[in-house]
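**Student:** Below are the chains, spelled out letter by letter.
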Amino acid sequence: MRQRPNQAQEDIMIKDLQRVVQLNDLQAREILNQAQWNLQKASNYVLDIQKSGTKIEDQFKKYVSQGQQVIDENGIQQFCNDLGIDLMDPVILYISYIFKSEIMGVYTKFDFLYGFTLLKAQSTFDLKREIKRLREDLNNKEILKSVYKYCFDFTKQKQRKDIDLSIAQGLWETLLKNVFPIMNQFMKYVSNIQEKDQKPISRDTYYMVWEFCVQIGEDLSKYDYKTGAWPTFIDGFYFFMHPNHKQQ
Amino acid sequence: MIQEKDNIGEFHQFIQNLIMEKEISKPYLYYNQKLKQNQENYQQIFNILTSEFQNTIQTQTIFQDCTQILEQHLFIQSKIKLIEQIFKILESSQTYSINKLLNQIYSTKVYSLKDKLLPLFLNQFLILRQENFDEQLKQIILFIKSSQFCSDFKQYLLEDSINYYNKLKSIEIIYKQYLIEEKIINLFSDTQLGISLREYFNKVIEKSLIDSPIRLENSSYMNAFYELNQIIESNILKGKIFDIVHEGMNKIINDENKQQIIANIFEAKDYYEQKVKEIFQNDEKIKTCLSSAIETSIQLKVNQLSEQLSSYFDQLLIKKQENKDLKKVQDKINKSLELMPYFSAKDIFEHFYTQRMTKRLLLELSISQDLETQILLKLKQQCGDQYVRKAEEVLKEYKKCYEYEYLGVEVKLFVISQNSWTLKQQQIPKNFLKEQQEYFLENQKLEFKQKILLWMLECSNCYVKGFTKYIFIVSAVQAMILDFFNNQQTYKITELIQISGLSKDEIIRNLIPLEKEKLLLLDQGMYFVNNQFESKKTHIKINQMQKIEKKEEIEENTQKLLHDRKYVIDASIVKIMKRDKQHTLQEIVNLVLKDLGLPIKVVDIKQQIEVLTEKEYLQRDQQNMNLFIYLA
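Going line by line, the protein sequences match chains A and B.
Under UniProt numbering, think of the first position of the first sequence as 1, with each following residue one higher.
Under UniProt numbering, think of the first position of the second sequence as 1, with each following residue one higher.
Think of the hints as simulated: they come from the structure by calculation, not from any bench.
Beta carbons: idealized from backbone N, C-alpha and C, even for Gly.
Treat each hint with caution, since some may be false.
[Claimed, not checked] The calculated EDC-like cross-link candidates involving lysine to aspartate or glutamate, where the alpha carbons are at most 16 angstroms apart (straight line), are:
{"hint": "1", "chain 1": "A", "residue 1": "K199", "chain 2": "B", "residue 2": "E587"}
{"hint": "2", "chain 1": "B", "residue 1": "K606", "chain 2": "A", "residue 2": "D224"}
{"hint": "3", "chain 1": "A", "residue 1": "K161", "chain 2": "A", "residue 2": "D224"}
{"hint": "4", "chain 1": "B", "residue 1": "K399", "chain 2": "B", "residue 2": "D347"}
{"hint": "5", "chain 1": "B", "residue 1": "K615", "chain 2": "A", "residue 2": "D204"}
{"hint": "6", "chain 1": "B", "residue 1": "K606", "chain 2": "A", "residue 2": "D235"}
{"hint": "7", "chain 1": "A", "residue 1": "K161", "chain 2": "B", "residue 2": "E614"}
{"hint": "8", "chain 1": "B", "residue 1": "K601", "chain 2": "A", "residue 2": "D162"}
{"hint": "9", "chain 1": "B", "residue 1": "K207", "chain 2": "B", "residue 2": "E227"}
{"hint": "10", "chain 1": "B", "residue 1": "K176", "chain 2": "B", "residue 2": "E217"}
{"hint": "11", "chain 1": "A", "residue 1": "K226", "chain 2": "B", "residue 2": "E587"}
{"hint": "12", "chain 1": "A", "residue 1": "K141", "chain 2": "A", "residue 2": "D235"}
{"hint": "13", "chain 1": "A", "residue 1": "K177", "chain 2": "A", "residue 2": "E218"}
{"hint": "14", "chain 1": "A", "residue 1": "K161", "chain 2": "B", "residue 2": "E610"}
{"hint": "15", "chain 1": "B", "residue 1": "K275", "chain 2": "B", "residue 2": "E217"}
{"hint": "16", "chain 1": "A", "residue 1": "K156", "chain 2": "B", "residue 2": "E587"}
{"hint": "17", "chain 1": "B", "residue 1": "K594", "chain 2": "B", "residue 2": "D604"}
{"hint": "18", "chain 1": "B", "residue 1": "K615", "chain 2": "A", "residue 2": "D162"}
{"hint": "19", "chain 1": "B", "residue 1": "K469", "chain 2": "B", "residue 2": "E534"}
{"hint": "20", "chain 1": "B", "residue 1": "K301", "chain 2": "B", "residue 2": "D255"}
{"hint": "21", "chain 1": "A", "residue 1": "K161", "chain 2": "B", "residue 2": "E616"}
{"hint": "22", "chain 1": "B", "residue 1": "K601", "chain 2": "B", "residue 2": "D564"}
{"hint": "23", "chain 1": "B", "residue 1": "K269", "chain 2": "B", "residue 2": "E338"}
{"hint": "24", "chain 1": "A", "residue 1": "K246", "chain 2": "B", "residue 2": "D604"}
{"hint": "25", "chain 1": "A", "residue 1": "K199", "chain 2": "B", "residue 2": "E227"}
{"hint": "26", "chain 1": "B", "residue 1": "K606", "chain 2": "A", "residue 2": "D204"}
{"hint": "27", "chain 1": "A", "residue 1": "K226", "chain 2": "B", "residue 2": "D604"}
{"hint": "28", "chain 1": "A", "residue 1": "K158", "chain 2": "B", "residue 2": "E227"}
[To be verified] Simulated restraints on C-beta separations:
{"hint": "29", "chain 1": "A", "residue 1": "K196", "chain 2": "B", "residue 2": "Q450", "range": "42 to 50 angstroms"}
{"hint": "30", "chain 1": "A", "residue 1": "F239", "chain 2": "B", "residue 2": "K399", "range": "51 to 59 angstroms"}
{"hint": "31", "chain 1": "B", "residue 1": "S219", "chain 2": "A", "residue 2": "K199", "range": "54 to 62 angstroms"}
{"hint": "32", "chain 1": "A", "residue 1": "K199", "chain 2": "B", "residue 2": "Q450", "range": "43 to 51 angstroms"}
{"hint": "33", "chain 1": "B", "residue 1": "K615", "chain 2": "A", "residue 2": "M88", "range": "30 to 38 angstroms"}
{"hint": "34", "chain 1": "B", "residue 1": "K575", "chain 2": "A", "residue 2": "K199", "range": "24 to 32 angstroms"}
Working from the sequences, and respecting the hints, build out all of it.
**Tutor:** Shown next, in the form of structure tokens:
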């Protein structure tokens, strides 16, 4: 068992792998991890996927618009239609998570090659059969957590470190509202925020909203608003629910 | 037998005489001997003795008056003791003691009269208790204690006492009563009655303390209040003092007249401290709560007050009538410096203090440069070396004064670096004193080689010679305007604006005082010099019109400083985290507050932690969400 490489070595290996096949950082990391950071093994794997993925590639090309290299929003809409799911369905976020897709609104060829292979599907039709199972998967809190955390980077623009409040709002609606009852009130709080007070959501705040749902949930008496290290955004929710606790 | 009877009869007589205090014919010793000889008749004698005694008691005891009762009681006790002495012999052979038996007879009699006795005593008790604790009261208590109806009496006494206590209203009365009650309670100490009395009385004290207001003016009243408070060891006085001081301070701080606020705060503090000394004997707890009340009040508006404090210092250090006595000013300043810790918005104070000091120095308004230096030294001691570095720079640069004369104009100037000079000002118009400016630059070329010099307007005085015999002390702009009149007789405002290059507001602001003092006259829109000017003084200072923006400027500066605090907090957090590597939120908050000593809120620190987390200086720990780790 080879010793795990350090950060710098990992980055180099990722770049090397990306020279073999065009894939994003997340996918490269995932695959190299699977291969215990053996570059050869990883390279073989991706080449295999490519070789045996001709059918998947055809499927991919069906969604690509004229003269494009990647699937854009129109293609994704079509994809969802074929899968029989709504564009706002959490399952599509889960699928993107499995694809390890980099940016929302874009699917690359490797996204499809990799994702479909993992899901043991050759076509959209095959994938459609899996939808029911995938939905059930989302009931597993561990999986939901992973998808939720993944979505921050998925929706984040490359040059920024945070996401707009409206986008966070959308994610909370889609992924959390039907799972954690407290989110009903939380969404009221968010929609109540005045435009001038609307600020982007940081990664820490975003992650902590999950923790809030899991640790505190409906029972706000557990919430330590005095000495707890909850982000001020979530403090804001607490004071929305208990205005009398807000100090001058 | 006859002899026996005789003997017994003798004893009979003896007892009777004894109890009725009639003369006894034979000495006691005689009876003692007789007893010894009559040993067989002990029992008889004994019985006679006791029945005789009983009879006497039945008939003789009177119950009219407490004093008489007490006297009787003492009398009977003494007789019993006497009999005991004589018949000590009997005791050794009998199975129980005479003393006990006689006392039993007596007590039973007394107890049978309980219903008459009790009210009598209770009444007397009440009367005496109102006046003073004296011997009679003490005696009554001792009597009761020894009687069989002691527990009954205690019950009644307790009820009576509670009623009596509840009628006591004023603090001073309660205190007076306390001194009496203490003595009473001591006599019943270690008994339930004593404990109960104390309990109830303390309750009464507590209630009256809670209900009574603080009246600092009334010394005797407050003394009683204080003593009572100490007796029941309560925090009521502390709480009330806090409230009253806090209320008083709040009123002062929210006063309309902003100029006087700081002076009033100091005055009030002195007043309260005086009272604490006089009335409360400088009690530590009360002193602490006084400080705390003042501090809490000041905290409510600490940012404004810190700025006003610097203004207060300014007023003390300007040359004016009230500040002629240097020693007095120094004392006031020293006292004010002692109170610096209350005004915790140190950054705001420092900014405005430096500004105002600079102005004082440059306008030559400061009463003493020594004093200025002293103050900076003291501030350094209190708040650290770095605290007054800007002010010190100014002072240092001020000490170097450049004086020269060129083309008939004498110039005295100071060069201050822009870092320290925080005043926002306009420069003087380019053409005014142009030659003098150039001359200075030429001669000081070496010293100011790499530096850019800006010639500033507001902190300057010009001495203008006019109408041959007068010297006018005016601002730079006014001097410039007057100089224009050397070239031309009359001017319209628009002309002045044009040639000076200054704004209309600026020109008007400077013209008005000149017109008011009648140096210039206005006629049909044209200004001209008043050649008929006359004045008793030769040196005439023309008062300046202050710029109206002052208040807004202060507000603006304050807001900027409050905003800058974010960076100050950032720097503190980074410093602490770099040193300690990791901390919980609460620890960071405490350390930062301790480090900065500024009146910042927890939420401000929390926000900066969030900012630093986003900038990846800090990271939240995966396992413990309250823990933050420094990222190298």
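**Student:** Take the hints in turn and mark each one as holding or not.
**Tutor:** Status of each hint after checking the structure:
A C-alpha spacing of about 27 angstroms is found between K199 of chain A and E587 of chain B, which places the hinted pair above 16 angstroms, so the restraint is violated. Simply put, K606 of chain B and D224 of chain A have alpha-carbon atoms about 14 angstroms apart, close enough for the 16 angstroms limit, and the pair holds. In summary, the hint linking K161 of chain A to D224 of chain A is not supported, as the alpha carbons are separated by about 27 angstroms, beyond the 16 angstroms threshold. Of the pairs offered as hints, the one joining K399 of chain B and D347 of chain B is violated, with about 25 angstroms between alpha carbons and a cut-off of 16 angstroms exceeded.
With a CA separation close to 11 angstroms, the supplied pair K615 of chain B and D204 of chain A stays within the 16 angstroms bound. Under the criterion of a C-alpha separation no larger than 16 angstroms, the hint pairing K606 of chain B with D235 of chain A is consistent with the structure, at around 11 angstroms. A distance of roughly 7 angstroms separates the Cα atoms of K161 of chain A and E614 of chain B; the hinted pair therefore holds under the 16 angstroms criterion. Of the supplied pair hints, the one linking K601 of chain B and D162 of chain A is violated, its CA atoms being roughly 26 angstroms apart against a limit of 16 angstroms.
About 15 angstroms separates the Cα atoms of K207 of chain B and E227 of chain B, which keeps this hinted pair within 16 angstroms; it holds. For the proposed pair K176 of chain B and E217 of chain B, the alpha carbon gap of about 20 angstroms is over 16 angstroms, so the pair is violated. The hinted pair formed by K226 of chain A and E587 of chain B meets the criterion: a straight-line CA distance of about 13 angstroms does not exceed 16 angstroms. About 24 angstroms separates the Cα atoms of K141 of chain A and D235 of chain A, which puts this hinted pair outside 16 angstroms; it is violated.
A C-alpha spacing of about 13 angstroms is found between K177 of chain A and E218 of chain A, which places the hinted pair at or below 16 angstroms, so the restraint holds. The hinted pair formed by K161 of chain A and E610 of chain B meets the criterion: a straight-line CA distance of about 13 angstroms does not exceed 16 angstroms. At most 16 angstroms may separate the alpha-carbon atoms for a hinted pair to count; K275 of chain B and E217 of chain B meet this at roughly 9 angstroms. Note on K156 of chain A and E587 of chain B: the hinted pairing is violated, with a Cα-Cα distance of about 33 angstroms set against a maximum of 16 angstroms.
Taking the CA atoms of K594 of chain B and D604 of chain B, the gap is about 15 angstroms. The hint holds against a cut of 16 angstroms. About 11 angstroms separates the Cα atoms of K615 of chain B and D162 of chain A, which keeps this hinted pair within 16 angstroms; it holds. Annotation: proposed proximity of K469 of chain B to E534 of chain B holds, straight-line Cα distance about 10 angstroms (limit 16 angstroms). For a cut-off of 16 angstroms, the pair hint linking K301 of chain B to D255 of chain B stands: about 12 angstroms separates their Cα positions.
At roughly 10 angstroms between alpha-carbon atoms, K161 of chain A and E616 of chain B fall within 16 angstroms of each other, so this suggested pair holds. A hinted pair counts as satisfied when its Cα atoms are at most 16 angstroms apart, and K601 of chain B with D564 of chain B qualifies at roughly 14 angstroms. Among the hinted pairs, K269 of chain B with E338 of chain B is consistent with the structure: their alpha-carbon atoms are about 12 angstroms apart, no more than 16 angstroms. For a cut-off of 16 angstroms, the pair hint linking K246 of chain A to D604 of chain B stands: about 14 angstroms separates their Cα positions.
Between K199 of chain A and E227 of chain B the alpha-carbon distance is near 59 angstroms, which puts this suggested pair outside the 16 angstroms criterion. A distance of roughly 13 angstroms separates the Cα atoms of K606 of chain B and D204 of chain A; the hinted pair therefore holds under the 16 angstroms criterion. For the proposed pair K226 of chain A and D604 of chain B, the alpha carbon gap of about 13 angstroms is at most 16 angstroms, so the pair holds. Taking the CA atoms of K158 of chain A and E227 of chain B, the gap is about 74 angstroms. The hint is violated against a cut of 16 angstroms.
Checking the proposed 42 to 50 angstroms range against K196 of chain A and Q450 of chain B shows it holds: the Cβ atoms sit about 46 angstroms from each other. As the Cβ distance of F239 of chain A to K399 of chain B is approximately 54 angstroms, the hint placing it in 51 to 59 angstroms holds. For S219 of chain B and K199 of chain A, the Cβ-Cβ distance of about 59 angstroms falls inside the hinted range of 54 to 62 angstroms, so the restraint holds. Remark: the range hint 43 to 51 angstroms for K199 of chain A to Q450 of chain B is upheld by a beta-carbon distance near 44 angstroms.
A C-beta distance of roughly 33 angstroms is found between K615 of chain B and M88 of chain A, which places it inside the suggested range of 30 to 38 angstroms. In this structure the supplied range 24 to 32 angstroms holds for K575 of chain B paired with K199 of chain A, their Cβ-Cβ distance being about 27 angstroms.
When held up to the earlier numbered hints, the structure conflicts with 1, 3, 4, 8, 10, 12, 16, 25, 28 and fits the remainder.
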